[in-house]
Every structure is written in structure tokens, then in C-alpha cells.
Amino acid sequence: MSNDILLALEGISKSFDKPSGEGKLVILDRLCLEVPRACAISVIGKSGSGKSTMLQIAGLLENPTEGRVILNGSICSSLSENRKAELRNTHMGFIFQSNLLLEDFNAIENVMVPALIAGKSFSRSRQRALDLLSKVDLKDRLEHYPRELSGGEKQRIAICRALMNEPELILADEPTGSLDEANASICESLLLDLAREEGKTLLLVTHNMDFANKAQAVYRLLHGRLERIAE
Amino acid sequence: MKSSIVGVWTLKRLRRPGPVLKCALIILLVTAPMIAALIFVDGMIEGITEKFIYLSNGHVQLSEFSDLETARKAAEMDEVLFCDATLSSYCLLYSKTGTASLLVKAVEKDYFNDMRKGQLSLEMGEVAGGNTIILSKVTSEALRIGIGDRLAMMTVSSISGKDVIRPVLLKVAGLYSSGYEQLDTSLAYMSYDFAQGVFSSSPVLEILVTKGSTETVKRNLESLAAGLVTDYSDYNRSIYDNFITSKQAILIIFLLIAAVACVNTATVASEMINDDYRTIAAMKILGLDSRRIMLWAFCTVFPINMAGLACGLVLGILIAVNLGPFLHYLGRLGIQSLSFYLLDFKPLVSLSSILIVSAAIILVSAAAILIALRSVRKISPMQLFRQD
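Heads up: the protein sequence lines correspond to chains D and F, in order.
Our numbering applies: residue 11 is where the first sequence begins, and numbers increase by one.
Our numbering applies: residue 31 is where the second sequence begins, and numbers increase by one.
Note that these hints are calculated values from the structure, not bench results.
We treat Cβ as the ideally placed atom computed from N, Cα and C, and that holds for glycine.
Keep in mind that the hints are not guaranteed to be accurate.
Claimed, not checked - Below, in silico cross-link-like pairs of lysine-lysine (DSBU-like), each with a Cα-Cα straight-line distance of 30 Å or less: (1) F/K42 - D/K149; (2) D/K224 - D/K56; (3) F/K139 - F/K241; (4) F/K167 - F/K376; (5) F/K241 - F/K277; (6) D/K34 - F/K408; (7) D/K145 - F/K42; (8) F/K42 - D/K130; (9) D/K130 - F/K408; (10) F/K103 - F/K147; (11) D/K224 - D/K145; (12) F/K408 - D/K28.
Stated by the list, open to error - Partial list, computed: chain F residues near chain D (C-beta under 7 Å): (13) I35; (14) V38; (15) T309; (16) A312; (17) I315; (18) G317; (19) D319; (20) M412.
Build out the structure end to end from the sequences listed, making use of the hints.
And the structure:
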């Protein structure tokens with residue numbers, strides 16, 4: 011495998027037992043994808059097509075039924091849960107539709123959490139979080155708790171948190187799905203600009219075609235497999 | 031400086047103490063009366079033991095010796111503080127209006143030294159002569175007599191080598207009160223010199239020794255073959271055994287109660303994990319491993335419990351220190367059952383009892399929390415998405 015490839019999904023299958031007990035529901039069917047370094051790739055598809063499942067497998071949150079996830083040339087899908095957690099902390103940043111901010115932590119603390127998990131110094135983590143929040147224009151919201159912030163502000167904080175540990179790979183699952191048009195547009199630009207500015211690899215799942223088209227390559231997930239539709 | 035996510039998260043979570051605080055309160059409420067009761071029992075047992083030692087038996091008893099002077103000389107050693115010859119006999123006392131059956135102890139003039147006076151209040155009248163008796167206030171009330179009144183004593187005397195029942199007329203020379211009714215109802219004192227011609231029993235040397243040297247004095251006397259050597263626990267075996275058994279039973283019962291309280295902390299820890307499962311799952315997504323999440327949960331619950339334990343210990347000691355006067359007040363109000371207890375005791379804070387209770391609560395609490403925290407491993411980040 012080329013050194014240019016940061017993440018590879020090889021023959022990934024995921025199926026679930028049907029509730030009725032009659033056979034299996036196949037979500038992903040021997041799916042393959044190679045994500046080059048410092049590249050933004052988007053995946054579109056209908057609701058229920060398996061986009062989120064694919065992203066969760068790529069993020070080592072879900073185990074595939076078959077196939078393997080390769081990050082930086084190492085097979086990661088068979089690692090222990092603790093080792094996977096460590097890789098998520100150091101190599102990946104996550105942005106989800108429902109932002110998943112921690113309710114007990116204020117804005118700057120939410121951004122700092124990945125660095126604190128990594129055991130980085132408090133003062134340096136705070137400075138990095140401050141820089142990121144300044145870039146997304148939330149410098150005056152540092153001490154605010156998620157319940158005191160709008161949806162757009164929360165999603166901007168989630169973007170900062172994903173970038174906090176300077177991960178190589180950012181995985182974004184419908185990051186603007188729950189935002190109004192204006193906020194969605196701001197977050198789209200921020201995410202793509204920051205990823206580009208910091209030289210990050212972005213794997214984006216969305217059903218928003220306009221957003222998807224801003225990536226360097228666009229794939230469609232259909233019948234459990236990916237097909238490239240634009241470059 | 032390296033930072034700890036566990037520390038930061040713990041401080042955040044403690045801003046919503048809720049059930050954790052309730053759990054600590056339960057531990058406090060269990061620990062405080064438990065410690066108070068243990069101190070009360072320890073203090074009372076120690077107090078009663080001292081009453082018996084100083085007023086009835088001595089630390090060490092030497093009996094069945096050949097002659098008194100040789101025995102006294104044998105008992106002359108650095109550890110011995112006082113050595114008094116006594117005679118004892120069970121007697122029946124008769125006044126005009128009542129009777130009492132008790133042990134009459136015949137003692138020498140200087141028997142009531144400062145150590146013994148510290149164990150009783152003694153009121154002496156101006157009654158001269160050897161045929162006198164010192165009764166307890168409880169007995170005098172039962173016989174309805176006071177200082178200077180007469181009473182008849184029936185005892186067993188040895189006349190011409192034969193034991194015969196003999197009446198003796200006595201005057202009440204004084205009244206005492208030890209504060210422990212059970213002792214007071216069973217003991218009276220009279221003159222050793224007078225009793226020599228009345229009691230048929232052989233003299234016993236009652237020896238008071240320095241603190242912690244009972245065994246040394248016993249061994250020394252045994253090695254001298256000075257006579258039959260016993261100590262307080264031999265002399266009052268049943269009382270001594272009852273005390274030990276009572277203390278052990280109380281300790282076991284309280285430890286079981288403490289264990290139940292600690293198991294409650296497991297429920298609280300489990301509830302906390304359930305309440306915070308979204309945060310836990312999010313932390314797992316961000317890369318925090320289960321071990322550190324368990325450490326977080328432990329650090330959130332356990333120190334609060336230990337604070338509850340510490341407060342319980344302090345509160346228990348405070349209650350115990352003030353329990354004596356309170357019980358004494360209740361006793362004066364006429365609660366009959368309290369008459370079976372020694373109410374004027376010094377609270378004895380037994381380090382061993384406190385350590386046993388604390389260690390048990392710490393261990394059971396820690397184990398219960400750790401067992402409950404196993405559920406952290408079962409929380410999957412995927413639960414967040416499935417719910418969404």
C-alpha cells in the first residue's frame with residue numbers, strides 16, 4: 011500500500027440479524043475505500059444506506075463483520091478496545107450531527123478534553139483551544155456551557171474539538187445536518203478551511219450534495235458498496 | 031504541568047453530588063452511632079472492670095498462703111502499688127424493715143487509698159468501735175437505715191474448728207456509692223481486725239499494680255510459690271467473659287450494618303454510571319479507556335464516602351463523650367433499665383475498634399464500588415448513535 015494512503019477500508023462487510031430472525035440485513039458489502047493524506051473525501055447516499063456505519067467502522071467505533079481497517083499501514087480493526095481508544099484520541103477527530111458535547115464542561119473545556127485525555131499540559135491545551143475557538147469566532151463564548159449555546163455554536167465547538175489533538179484524520183458524520191442554512195454554510199466553510207489549513211485528511215459523510223461537492227473526491231454508497239461519482 | 035482528565039472530570043461531576051452525597055450521608059449516619067456505641071461499650075466495660083478491681087478484687091489476688099507477713103514480703107516488688115489483706119464472707123443483713131444478701135469485705139484501715147477513693151464517694155459518720163459496717167447507699171436505702179443505725183448480720187463463723195451460723199450486731203459507720211448499682215447492691219465493708227474473730231474464711235491479699243504489669247506480678251508471685259495467684263479475669267471469669275462476648279457481638283452486628291450501608295454505595299455508583307452513560311460513551315469516542323473511566327467513577331464516589339466516614343467518626347466520638355452525662359440524667363429521671371449500667375464512665379476511644387470499623391467500611395465500600403463499576407466496560411460508544 012502506498013505511503014500516501016492514510017486510511018484504507020478493505021473488503022468491509024457489516025450485517026445485522028433481522029429482528030424477525032430470518033436471515034441477515036446486509037448494510038455494507040465488501041466495501042473498499044482508500045483515503046489519501048491531506049485530502050477531503052465525501053460520501054453521499056440515501057438515509058439508511060450505511061454511510062454512518064461505514065464512518066463508525068473507519069473510526070474504530072464499530073467492528074466490521076468482515077474486512078479490515080488500515081490506518082497508516084497498520085491493521086487496526088483487530089486491536090483491543092483500549093488501543094483503539096488511544097488511536098482515536100491521537101490520530102482521529104470526530105464531528106457528529108448531534109455534536110456530542112459534554113454537558114458538564116464549558117466551551118473551552120469541551121475543546122480541551124481530547125488533549126487532557128492524551129495527558130497534555132493544561133496550560134498548553136488551553137492555549138491551543140483558545141486559538142481554535144478564536145478561529146471559529148467563539149472567543150466570547152469560552153465559559154459558556156452547551157445548554158447556553160446555539161446549535162451552530164455547538165457545532166463550531168465540535169469542529170474545534172475534532173482538531174484539538176492535531177489528528178491526521180477527521181471523520182465528519184452529517185456535521186451540518188441539524189443546522190439552519192446560514193449556520194450550515196458557516197460550519198461547512200470552517201470545516202473545509204481548517205482541515206485544509208492544518209493539512210488534515212477529511213472523510214465526510216453527508217446527504218447535502220453541495221457540501222459533498224466541495225471535497226476533492228465524492229463517492230456514493232449504494233447497495234453496501236462505494237462508487238466514485240466526482241473528482 | 032501534565033493534566034489529568036480524571037481529575038478535571040471528577041471535579042466537574044462533583045458539582046452535581048446528588049446521590050453520591052446521599053450515600054455519604056448514609057455512611058455518616060451508620061458510622062456515628064456505631065462509633066458512639068463502641069466507645070460507650072468500651073468505656074463502660076473499662077469503667078466496670080476498674081470498679082471491680084479497685085473496690086472488690088484488686089489487679090492480682092494472693093490466697094492460700096502459709097502466713098500473712100511472708101505473703102506481704104513476697105508481694106514487695108517495684109510494680110506493686112498497694113497490698114491489702116482482706117477477708118470476705120457472704121452475709122445476710124437485717125434491719126427493722128428489710129434484709130439484704132451481699133458480700134461483706136473486711137478491709138484494713140488504710141484500704142481506701144487515693145486510687146480507691148477515686149472510684150467511689152464515701153460519707154463517713156462519727157461512729158467509733160470495730161463492730162461497724164460501711165454500706166452502699168443503695169443497700170442502706172433497701173434496708174431503710176442510715177449512718178449510726180444498727181443492723182444484724184448473719185454470717186458463718188468458725189468456732190472450735192466448726193462452721194456455725196452466727197449473728198453479729200453492727201453499726202453503720204458510713205455510706206458509699208461507686209456509681210455502679212450492680213456492685214453497690216452486692217458489697218459492704220467492715221473492719222479487718224473485727225472480722226478476724228467473726229469470719230471463718232482465710233485472708234486474701236489484694237494487690238494493686240502499676241499499669242500493664244499484672245502479668246509480671248502474677249509470674250513473679252507464682253515463681254516465688256507464695257500461694258494461689260489469680261487476677262481479675264480469673265476472679266470474675268463470668269463477668270469478664272460476658273464483657274468480651276458482648277463487645278464482640280456488638281462489633282459484629284455493627285460491621286454487618288456497615289456492610290449493608292457500603293453495599294448501598296454500589297447502587298449509587300451504578301446509578302451514576304447509568305445517569306452519565308452519554309458522557310461516558312462520548313469520552314470513549316474521544317479516546318478515554320475504560321480503566322480511566324472507572325478510575326473517574328471511583329474517585330467521584332469513594333472520597334465522598336470517606337468524607338462521610340470521617341465525619342461519622344468525629345460525630346460518633348462527640349456523641350460518646352457526651353453520652354455519659356446524658357444517660358446519667360436519664361437514669362436520674364427513673365429509667366430502671368439504666369441502673370444495670372455504669373453511667374459515670376470515662377469514654378474510652380479505642381483505636382483498635384475505630385480501626386476495625388474504618389477498615390471494614392473502607393474495604394467493603396471500595397469493593398462494592400469496584401464491582402458496580404464493571405458496567406463501565408459494557409457501555410459502547412455506539413449506544414449514542416443507536417439512541418439518536
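key: Violated constraints from the hint list, given by number and in increasing order   = none
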